[in-house]
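*Asks:* Residue strings, one per chain:
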Amino acid sequence: MRRLWPPVAATVFALTLWQAVVWLTAVPHFILPGPARVASALSGNAALLLHQAGFTLANLAMGLSAGVAFGILSALNLAMSPGARLFLRPLMVFAQAVPVFALAPIVTLWLGYGAPSKVVMVALVTYFPITSALFDGLMRLPPTLDDLARQMRATPLRRLLLLQLPHALPALGSGLRLAAVQAPFAVIIAEWVGASRGLGHLMLISNGRGQTDLMFAALFVLAGLSLGLFWLADRLARHWDRA
Amino acid sequence: MSGAALHIRGDLRLGGRTLCPALDLTCPGGAWTVLLGPSGVGKSTLARLIAGLPGPAHLTGAITASDGAPPEGRVTLMAQSDQLLPWASVLDNVTLGARLRGQWPDHARALDLLARVGLEGLAHRRPATLSGGQRQRVALARSLIEARAIVVMDEPFSALDAATRAAMQDLAARLLQGRTVILITHDPLEAARLAHQAHLMRGDGLHPLPLPATPPPRALSDPATLTAQADLYARLMQGAA
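From first to last, the protein sequence lines are chains B and A.
Reading the first sequence from the start, the letters are residues 930 to 1172 in this note's numbering.
Reading the second sequence from the start, the letters are residues 113 to 353 in this note's numbering.
No lab work stands behind these hints: they were computed from the structure.
Ideal placement from N, C-alpha and C gives every residue a C-beta, glycine not left out.
Take the hints with a grain of salt, since some may be wrong.
What the hints assert, rightly or not - Estimated spans, in silico, between C-beta atoms of each pair:
1) B/S1010 to A/D316: 43 to 49 Å
2) B/T1084 to A/P335: 17 to 23 Å
3) A/R213 to B/A975: 58 to 64 Å
Claimed, not checked - Some chain A residues flagged as far from chain B (calculated, every beta-carbon gap over 12 Å):
4) P133
5) R221
6) D224
7) H298
Bound conformation, chain B alone:
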């Protein structure tokens, strides 16, 4: 109960400030709707918002799963093979230098307005933090454990799976937190660039129609999704930190 206090107080303060700005400036509601108006848009369009959020969430989940899976496989592969490191790392550095969000129009051009372009964007954005965080963790095996592996004549694969991977789990957790923060950006940008459904699409449509209150409502739902995603990633990461 005591831990709930500060966030509740902060929320009440923020809402009060928001309402005060709306009253004092007498700004038209299609520029800045007050919290009450947004709340009624939230409840009045609950079915629509949930429906659209479902598409966004599905794309997020698929993209994140793909990004994490490919990221883990790439990091394991890089850690196992010096040849792969030599060949792939310059490519990875280059790929990281390209702002992935700038690829959204190209990805949409190639994959269309449907789910695949969103999934691919989320996967692209989450792939790099996962790969580089896990790879760094894998390569930072403490010297004492390296000694142990040498003395026990470990096979490279066993060394990777029994020593390097468990030791790198906290690093993977950090990568996962980062990926969970980036993934909602990616899906929204992909939906802005071109989509026929999803929260990003809904925001764009309501913006065009001057339904600013609905746009804000969609924004809050999106924030809820992002927070939920981060909470999940953080729980997993904490579990690994303790292990």
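Assemble the complex: chain B is given as a structure, and chain A must be docked to it using the hints.
*Replies:* Showing chain A alone in chain B's frame:
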């Protein structure tokens, strides 16, 4: 498992510097050879070389075994840090060697060894829930299961409290009987209790140390042990001065 004798010959060098010149050490098979010395003379460096671990130092001569076979793969190192995997159970830590080599872990043997080091019933605990002495017992069981003829111990008990250390010395002496043991230490009492032969390691080379005529492990209460300890202290301090 009777251990082969080990010969260590040459200058111990690090970069362009000689840490310890003209080593000519024979470690008899099945006996404890103790190297006593102050910090920084290359004791741990030598331990790593004997264990075949990579490091910046090298030996101008060679390390050979009396039976002619190369010592590689027959040496296990017990270090001051117990090197236990924090995420694995005690049992999984003991069977780590087999698992790392892709072999089937021998759980019955591991449990038997755990019982012999006095850790019966703790097989499924995590290392973090054990005391320092218990953790070194796990490390000892992990060394024993590897069944290597030559055991190098690099100050394995130096982080333990006095009573635990004495108990671990007795346990190690009992369980490592028959193996060729090279114990690195800066504790004169440990040398006086455990050594069949002991050398003082200094920047100018190895110096043989006198020991009581009784076989190790020597009792703490034995006046001869304490006299030897006092004598080793004096020699160690002479080097430090």
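*Asks:* All hints are to be evaluated individually against the structure, with a verdict given for each.
*Replies:* Hints and how they fare:
{"no.": "1", "hint": "B/S1010 to A/D316: 43 to 49 Å", "in the structure": "48 Å, holds"}
{"no.": "2", "hint": "B/T1084 to A/P335: 17 to 23 Å", "in the structure": "52 Å, violated"}
{"no.": "3", "hint": "A/R213 to B/A975: 58 to 64 Å", "in the structure": "59 Å, holds"}
{"no.": "4", "hint": "P133", "in the structure": "27 Å, holds"}
{"no.": "5", "hint": "R221", "in the structure": "16 Å, holds"}
{"no.": "6", "hint": "D224", "in the structure": "20 Å, holds"}
{"no.": "7", "hint": "H298", "in the structure": "20 Å, holds"}
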